[in-house]
Amino acid sequence: MKINKAEDLKKIQKEGMKLLSPATLRITVGAATCGFAKGAGKIFEALKYEVKKQKVKADVVTVGCSGLCYAEPIVEVIRSGKPRITYGNVPVEKVSELVKAIKAGKFMKDLVLMRRDEEKSPLEKGSVIKYIKGKLPEALSGIKEYRKLDFFKNQTKLVSRNSGTISPERIEEYIALGGYTALAKALSSMTTEQVIDEVSASKLRGRGGAGYPTGAKWKACRIAAGDKKYVVCNGSEGDPEIGMHRSLLESDPHLIIEGMLIAGYAVGAQEGYIYVNDRYLLALERIEQAMKQAEKQGLLGRNIMKSGFSFSLKVKRGGGAYICGEETALLNALEGSFAEPRPRPPFPATKGLLGMPTIVNNLETLANIPLIVLKGGKWFSGIGTKLSTGTKIVALSGNVAHACWVEVPLGMRIKDIVTLFGKGAASGKKIKAFQAGGPSGGILPAKALSLKLDYEQLSKAESLLGSGGLLIMDEDTDMLDMAKFFTDFFADESCGKCTSCREGIKQLKQILEGIIDGQGTGEHLSLIKRMAAVMADTSACALGKTAAVPLLSVMKHFPQEIEKRLMRRGA
Amino acid sequence: MVKMKINGKVVKAEEGQSVLDTAKANGILIPTLCSQDALKPYGACRLCIVEIAKNGRTTVETSCTYPAEEGLEVKTDTPRILEGRKMVIELLLARCPSVPSIKKLAQEYGIKDCPPQIKKENDECILCGLCVRACNEVVKAGAIQFAKSGLYKIVDSPFHRTAEDCIACGACVFICPTGVIKKKDEQQTPSGPKRLIENWQVEHKLRECKKCGNPFAPEPHLEKVRQEKNLPGEFFNLCQSCRQYPVVDEDKCLGCGGCMENCPLGAMELDDKGGYDKKAHLYTQNCTACHSCEPICPVQAIS
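Those sequence lines, one after another, are chains A and B.
All residue numbers for the first sequence refer to the numbering used here, where the first residue is 1 and numbers rise by one.
All residue numbers for the second sequence refer to the numbering used here, where the first residue is 1 and numbers rise by one.
Hints listed in this document are in silico derivations from the structure and should not be mistaken for laboratory results.
Some clues are possibly wrong.
As the list claims (entries may be wrong) - Restricting the straight-line Cα-Cα distance to at most 16 Å, the calculated cross-link-like pairs of lysine to aspartate or glutamate (EDC-like) are:
#1 B:Lys148 <-> A:Glu493
#2 A:Lys228 <-> A:Glu271
#3 B:Lys153 <-> A:Asp278
#4 A:Lys48 <-> A:Asp59
#5 B:Lys75 <-> A:Asp59
#6 B:Lys119 <-> A:Asp59
#7 B:Lys3 <-> B:Glu14
#8 B:Lys279 <-> B:Glu269
#9 B:Lys119 <-> A:Glu523
#10 B:Lys86 <-> A:Asp537
#11 B:Lys148 <-> A:Glu513
#12 A:Lys130 <-> A:Asp150
#13 A:Lys509 <-> B:Glu14
#14 B:Lys153 <-> A:Glu513
#15 B:Lys5 <-> B:Asp21
Stated by the list, open to error - Which stretches of chain B does chain A cover? Using the computed rule of at least three CB atoms under 8 Å from a CB of chain A, they are:
#16 83 to 91
#17 150 to 157
#18 293 to 302
All C-beta atoms in this analysis are idealised placements derived from N, C-alpha and C, irrespective of residue type, glycine included.
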């Protein structure tokens, strides 16, 4: 069926709702990459087998990641009129027992994590799934409601609102929770200028690293002259320790498509490209499938919802190079040439892909758009801080007890994020340092945990919000080792175009290796500082400008660790 | 035309002209290793950095890639710029300590040697990309490219094998600022004269002049130009110095058209000079200088 107007969406909404809270049973398996890594594939097969064998009538589906990566594989049971029960760390041997319990209307106490009585969507008129009807059964009152858990209580789920709830393979379920209504609203009742105005009013800033205001970028592209315009979604994700783009694509691919459609409508583009890391096989499969579904429903392609607006979308696989976070290098890669940054000006908004006006937005930035269009820019600007509005997905990794990804309002204290969601260091020891925003963010000492997670505070601390990764290190971590790891990372990821970046990193690496071997002197340290300053000044892109930051930050915050490794004169 | 300031001096520039070219036109020299008039700006060597103040913000930019704009304030020799340039030269010197052009540049900036903590290599290529860009943008052969990335970046033939699209024209050799790309024309080999470009593992026959017998240009180069310009097969049979085109003495020419009928390549035509007067005219782009027209002329007007 082609969707032509808002009423058609409502029809599909009802269908989707029947799937999400069915009259019979719905058993979901968290099947994003994190889930699969911990055996979700086997669990899914076992569940299907057991359900058939034990003659239980149930809809067994795969869903995305709810953020509780440490508790994967996750199985959830939704029964008509009963709360949604979440089981974590489910071993495949226990699946048979679990299905038996489900059949008997009971639950398995040792595996249960939480229950959900209802699911509230951030959308105003969006649907609320009421799982529970009538009174809560006595037996279930011992299980914690998810909104009472630290993990969910402290999150503001906007972008990740559907992740882990809907099946990424079913468009009906996305539409059931208010999907594509933002597109319908924009196409039917808003001019392109109004859309851009809402985005500007939201004060949304790019989630890729630099934090450039999205509205201003769109406006520049909107007014730029060109026969053709393009929207490019940057889902390259080259940072070493994160995976939120992957999780979003695997959990809620239609959200990205809707964001890109609205962006295309706003700037006057008819073509879009999603640049995805080639290693994200599942994400690629799901986004491609979602595109086919959207096309079938008339939400992508020619004359979308009979509005006269046409938009085609293509997925382009990239190698996941860090340099492709730089938008002009990404454009070069899209065109099939060497991924090196282009001279700026001209900026992509006036002369981008194939010489045409182009907006390059981070995947998470685009995922924010539908909500902004639905609820207004003013509403959005009320979340977060004054200058850093909205939420940020944060991926906690490294030496952290609970590796997970969470969505928090900007301006939340980093310490709270680490303790509330990550539950401290995995080793149980004291946290010594952490890294925010990927390799370019450098390494910050534990006392910087009191900083707030936003663009201003982090850049004042000579770090950055970047992609939103938080890498935790405990007191056993050797800071020079960390500096070496990240300097080596830059050595591998530099494109090698600028002399200062390429040769600078080469020398930094060599000097650092000398210091670790006990060959360093004070002159080495002053040369590092001099070289870092020139690299920051003369490199073309942010990679070269920040390549010395990991080493510099260790020198600044942990000078004693370096000094004790320096060569003693006469020793 | 836009007006801007360079080192305090008001200068005029064409819109879109680079800051580097504007400075050059006004007698202000900015060093560069990777820019060339015939090629698009690239911005790899970072020597041409300048300070540019615009809307109250001062940034360091490469002048070769930055377009001239109304009201820009450019400074080419502030301490910040000189320090950056010096460091870049030191880094280049560490990479290529024996390249004369780098050594000369270092001398100009008063650099005797790079700091002792810097590790020296013995490379000769500075990765300016001039050869790659000349091959792709001007020659349009696309025979060589950058390979690998980061610290391991090199200029190479595809898959480090014989560059099959190389026509041995030698543009890369000519343009290389360090002289690392070398060509060798060998006159005496068993299969005739040859040109070797070792860097791209290329070896091509040189065409010998039909008249003087001297080898003058590689076969694929001549063939590429011939095909591109749609020239006849024998067009490049003679070397440049032997190629003496026939000259028509219009005073003697009767306009009989004998030469035109006999020209194998249709290079000779009759031009109307008004009335019944017609004179033979040679279109040199088709002429191979075979001089078959010469004995045909009844009045010896062609020589």
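Going through the hints against the structure:
no. : hint                  : verdict
1   : B:Lys148 <-> A:Glu493 : holds, 11 Å
2   : A:Lys228 <-> A:Glu271 : holds, 8 Å
3   : B:Lys153 <-> A:Asp278 : violated, 22 Å
4   : A:Lys48 <-> A:Asp59   : holds, 9 Å
5   : B:Lys75 <-> A:Asp59   : violated, 70 Å
6   : B:Lys119 <-> A:Asp59  : violated, 65 Å
7   : B:Lys3 <-> B:Glu14    : holds, 9 Å
8   : B:Lys279 <-> B:Glu269 : holds, 8 Å
9   : B:Lys119 <-> A:Glu523 : holds, 14 Å
10  : B:Lys86 <-> A:Asp537  : holds, 13 Å
11  : B:Lys148 <-> A:Glu513 : violated, 23 Å
12  : A:Lys130 <-> A:Asp150 : violated, 22 Å
13  : A:Lys509 <-> B:Glu14  : violated, 43 Å
14  : B:Lys153 <-> A:Glu513 : violated, 21 Å
15  : B:Lys5 <-> B:Asp21    : holds, 14 Å
16  : 83 to 91              : holds (count 5)
17  : 150 to 157            : holds (count 4)
18  : 293 to 302            : violated (count 0)
Hint check: violations occur at hints 3, 5, 6, 11, 12, 13, 14, 18; the rest are consistent with the structure.
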